[in-house]
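Participant: Listed here are the chains, written in short residue letters.
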Amino acid sequence: MAEFIRFDQITKFYGALCVVENLTLGIEKGEFVSLLGPSGSGKTTLLMMLAGFEAPTSGEIVVNGLAINGVPTHKRDMGVVFQSYALFPHMSVGENIAFPLQMRGTARAEIEQRVARALDMVQLSALRDRWPSQLSGGQQQRVALARALVFEPRVVLMDEPLGALDKQLREQMQLDIRDLHRRLGLTIVFVTHDQSEALTMSDRVAVFNKGKIEQIGTPRQVYDQPATRFVAEFIGETNLVEGVVERVSGGEALVKLPSGATLCAVADSAVAGQTVHLSIRPERIDLSDSRRPGGNSLETEVTDSVYQGDHLRVQLKNPAHPLIAKLGRRSQEYPPGTKIYASFAADDCRVIAP
Amino acid sequence: MTRLRSRTARSLLLLAPLFVFLVWFFVWPLVGMMSQSVSDSAVLNLLPRSAGILTNWDRRSAPSAEMQQALIADLRAVQDTQALGDMVRRLNSARSGFRTLMTRTVSAVSDPAGPPADLVSIDKRWEKPEFWIAIADALSPYTDRNLLAAIDFGRNAEGAIEKLPPDQSVNLVIMARTFWIAALVTVACAAIGFPYALIAASATGWKRDLLLGAVLLPLWTSLLVRTAAWFILLQEKGLINDLLLALHVTSAPLALIFNRTGVIIAMTHVLLPFMVLPVYSVLITIPKNLMPAAASLGAPPWRAFVRVLLPLSLRGIASGSLLVFISAIGYYITPALIGGPGDQMISSIIAFYATGTANWGMAGALGVVLLVATLLLYSVYARISSEEPGRA
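Order-wise, the sequence lines are chains A and B. Numbering that gives the first Met the number 0 applies: residue 0 is where the first sequence begins, and numbers increase by one. Numbering that gives the first Met the number 0 applies: residue 0 is where the second sequence begins, and numbers increase by one.
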């Protein structure tokens with residue numbers, strides 16, 4: 000499929016500070032792509048360059064086959080939703096939403112209709128004549144969303160739009176935005192530092208670190224098959240275990256831990272003798288009284304276990320590494336000191352790049 | 000309950016210096032000025048006997064013997080020569096000729112050999128009712144003649160209000176000139192101050208400090224020094240003309256001083272901080288992302304400015320304009336030093352009446368007119384600013 004938006008070898012310096020380094024990324028039409036990373040990882044800067052608020056130091060941004068580096072923001076036809084809403088305080092809700100249509104010289108009657116439809120879409124029809132200062136944060140953000148969608152831009156850019164909302168409202172808005180994306184077939188680039196938000200909403204997630212993309216893939220790929228240690232640690236929780244590769248065969252590696260135990264792990268690229276990290280997701284670990292045949296088992300001892308409502312969190316120690324296991328609600332209690340085996344499938348244990 | 004009352008009393012005590020200050024330096028002088036403008040007791044104080052008799056006079060018939068005797072008695076009793084001077088000045092301003100008439104009459108009635116039998120024997124003019132009418136009119140303790148004169152009106156012989164003849168009516172012209180100069184200065188300040196505040200608000204770090212410092216610096220130097228500096232700069236052989244000539248911008252020196260141009264240049268400079276600071280303080284409260292948002296919604300820079308930034312900064316421009324305009328109306332030193340005779344503003348006239356002719360009544364009346372005009376302007380501004388939408 001042809002790429003709709005392409006960042007081609009984008010580099011951005013602020014003075015001597017390199018914020019985005021030689022970054023290449025393609026986004027397809029109708030796709031929902033999240034740029035996920037800690038603050039200062041360059042994800043917002045990339046969005047600002049796409050919106051035209053910043054210019055790349057080098058590299059090219061191509062939209063629909065045309066380089067847009069020299070195109071000013073107001074001609075880019077992109078709807079931007081800001082974290083702080085950026086509603087015009089001197090205009091009513093309706094006037095805010097009508098603004099982009101007025102800028103495009105849309106006929107008055109059509110503006111009326113489209114504003115009404117946009118308000119209906121975000122379920123705020125009753126608040127058309129209110130001032131932004133009279134709305135709650137969630138309502139303001141829905142107005143900002145309606146304003147960014149009403150002129151049917153070719154791309155919608157969202158810069159941490161839900162960051163200022165409380166948890167419950169944020170989750171509702173996540174589902175609302177996901178629904179709008181599907182219904183309207185929007186192309187959305189969404190910046191967030193919240194990994195669960197990125198996993199919930201996106202078709203693909205690009206994980207940023209220090210101005211580079213560490214990994215890009217579907218939520219399932221970046222969670223289940225983290226390419227780097229940074230991705231494994233940033234997305235969800237994981238157990239990282241260090242070991243030396245003994246031998247590799249057919250995408251599987253046998254890794255020897257310092258304690259002498261060996262684990263069988265999925266490996267995309269590993270060579271014998273290499274020191275590597277293994278990533279094991281806590282919820283993929285099972286506890287059992289005896290060694291599980293066929294698969295990995297480590298002999299461990301329970302140091303603590305905490306009941307957290309939806310799961311039981313068990314801290315384990317073995318001669319090589321402490322481990323954390325998350326067990327289903329139905330599992331039995333494990334008092335500290337219990338000797339037990341931690342077992343997991345070879346598929347759930349991955350060799351990741353150091 | 001008692002504790003509460005004592006706390007209230009204590010807090011009132013803390014506010015007491017403020018109240019005393021306000022009353023002493025603000026309310027009292029203001030009331031004093033206003034009552035000066037309507038009080039008219041210079042004649043009444045010296046002529047109590049005449050006042051009693053003149054109330055029964057019909058203002059037409061020839062002055063009776065009692066009236067003349069009462070006036071003679073009053074004038075004989077006068078000891079205070081300064082009060083006498085005030086009275087003569089007051090009567091002379093109502094009817095010319097009183098000065099010579101009174102001088103002659105006073106010296107005649109105070110003759111140690113005894114006063115003459117009647118006033119007509121001193122001067123024939125005492126036969127005419129006009130002089131007696133002038134005295135009768137001056138006997139009321141309150142008058143509207145100062146206030147009327149301040150707006151170029153007066154009372155004719157019948158007591159009706161009418162416009163003063165053109166040779167006596169300069170106040171309205173000067174008032175209009177004052178407002179016109181103040182308006183020009185306000186426009187000039189807005190034209191320079193708004194872009195300046197925009198730049199200052201968008202700058203960061205030392206650049207912002209420098210820009211604001213450059214605005215504040217004039218506020219920290221004396222008004223007189225600043226005006227004197229302009230005096231030097233604007234002269235025919237001053238720095239500005241030398242520079243323009245050296246750059247061949249002009250072939251002959253421009254007339255920049257002792258005319259309207261100089262007054263407006265100097266006043267704009269002096270009053271610029273009062274525009275820049277309110278505008279700046281409003282601009283920095285405008286969220287930084289509104290202009291990018293407008294651009295992303297398809298607004299070209301100019302339209303984004305007109306639709307978003309300008310309406311949001313109007314409040315600052317309005318309060319800055321009001322501040323500049325009201326300050327400009329009362330300007331005295333700058334037009335006096337840099338302006339020509341045709342650029343004197345209402346304050347110069349007030350100063351002329353107050354210090355030049357000791358006519359406190361006229362000075363007070365012009366002050367009242369200025370105060371009323373300013374309050375009217377302010378109420379218009381308050382009305383406009385309270386109607387601003389989106390500020391719940």
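Check before you lean on any hint, since a few could be wrong.
[To be verified] Which residues of chain B face chain A? A few of them, derived with a C-beta cut under 7 Å, are:
| hint | residue |
| --- | --- |
| 1 | A72 |
| 2 | A76 |
| 3 | Q78 |
| 4 | L242 |
| 5 | L246 |
| 6 | T284 |
| 7 | M290 |
| 8 | A292 |
| 9 | A298 |
| 10 | P299 |
| 11 | L309 |
| 12 | P310 |
[Said to hold, decoys possible] List time: in silico SDA-like cross-link candidates among lysine to any residue, alpha-carbon distance up to 25 Å:
| hint | chain 1 | residue 1 | chain 2 | residue 2 |
| --- | --- | --- | --- | --- |
| 13 | A | K209 | A | H192 |
| 14 | B | K287 | A | G184 |
| 15 | B | K287 | A | G39 |
| 16 | B | K287 | A | D165 |
| 17 | B | K287 | A | S91 |
Since the hints were made in silico from the structure, they are not lab data. For each residue, glycine too, the CB sits at the ideal point set by N, CA and C.
Participant: All hints, please: hold or fail.
Facilitator: Evaluated hints:
The beta carbon of A72(B) is not positioned within 7 Å of any beta carbon in chain A (closest approach about 75 Å), and the interface hint is therefore violated. For A76(B), the interface hint is violated, since its Cβ never comes within 7 Å of a Cβ in chain A; the closest pair sits about 72 Å apart. Among the interface hints, the one on Q78(B) is violated; its C-beta lies about 70 Å from the nearest C-beta in chain A, farther than the 7 Å criterion. Because the closest C-beta pair between L242(B) and chain A is about 38 Å apart, greater than 7 Å, the hint is violated.
Against a cut-off of 7 Å between C-beta atoms, the interface hint on L246(B) is violated, since the closest Cβ of chain A lies about 37 Å away. For T284(B), the interface hint is violated, the least distance from its beta-carbon to any beta-carbon of chain A being 10 Å, above 7 Å. For the restraint placing M290(B) at the interface with chain A, the shortest Cβ-Cβ distance is roughly 9 Å, beyond the 7 Å limit, so the hint is violated. Annotation: interface hint on A292(B) holds; nearest CB of chain A at approximately 4 Å, less than 7 Å.
Using the Cβ-Cβ criterion of 7 Å, the hint placing A298(B) at the interface with chain A is satisfied: the shortest such distance is roughly 5 Å. The closest approach between the C-beta of P299(B) and any C-beta of chain A is roughly 5 Å, which is under the 7 Å cut-off, so the hint is satisfied. Because the closest C-beta pair between L309(B) and chain A is about 10 Å apart, greater than 7 Å, the hint is violated. Satisfaction of the interface hint for P310(B) is found here, the shortest Cβ-Cβ separation to chain A being roughly 5 Å, below the 7 Å cut-off.
Simply put, K209(A) and H192(A) have alpha-carbon atoms about 13 Å apart, close enough for the 25 Å limit, and the pair holds. At most 25 Å may separate the alpha-carbon atoms for a hinted pair to count; K287(B) and G184(A) exceed this at roughly 31 Å. The hinted pair formed by K287(B) and G39(A) meets the criterion: a straight-line CA distance of about 20 Å does not exceed 25 Å. Between the alpha carbons of K287(B) and D165(A) the distance comes to roughly 24 Å, so the proposed pair stays at or under 25 Å and holds.
About 19 Å separates the Cα atoms of K287(B) and S91(A), which keeps this hinted pair within 25 Å; it holds.
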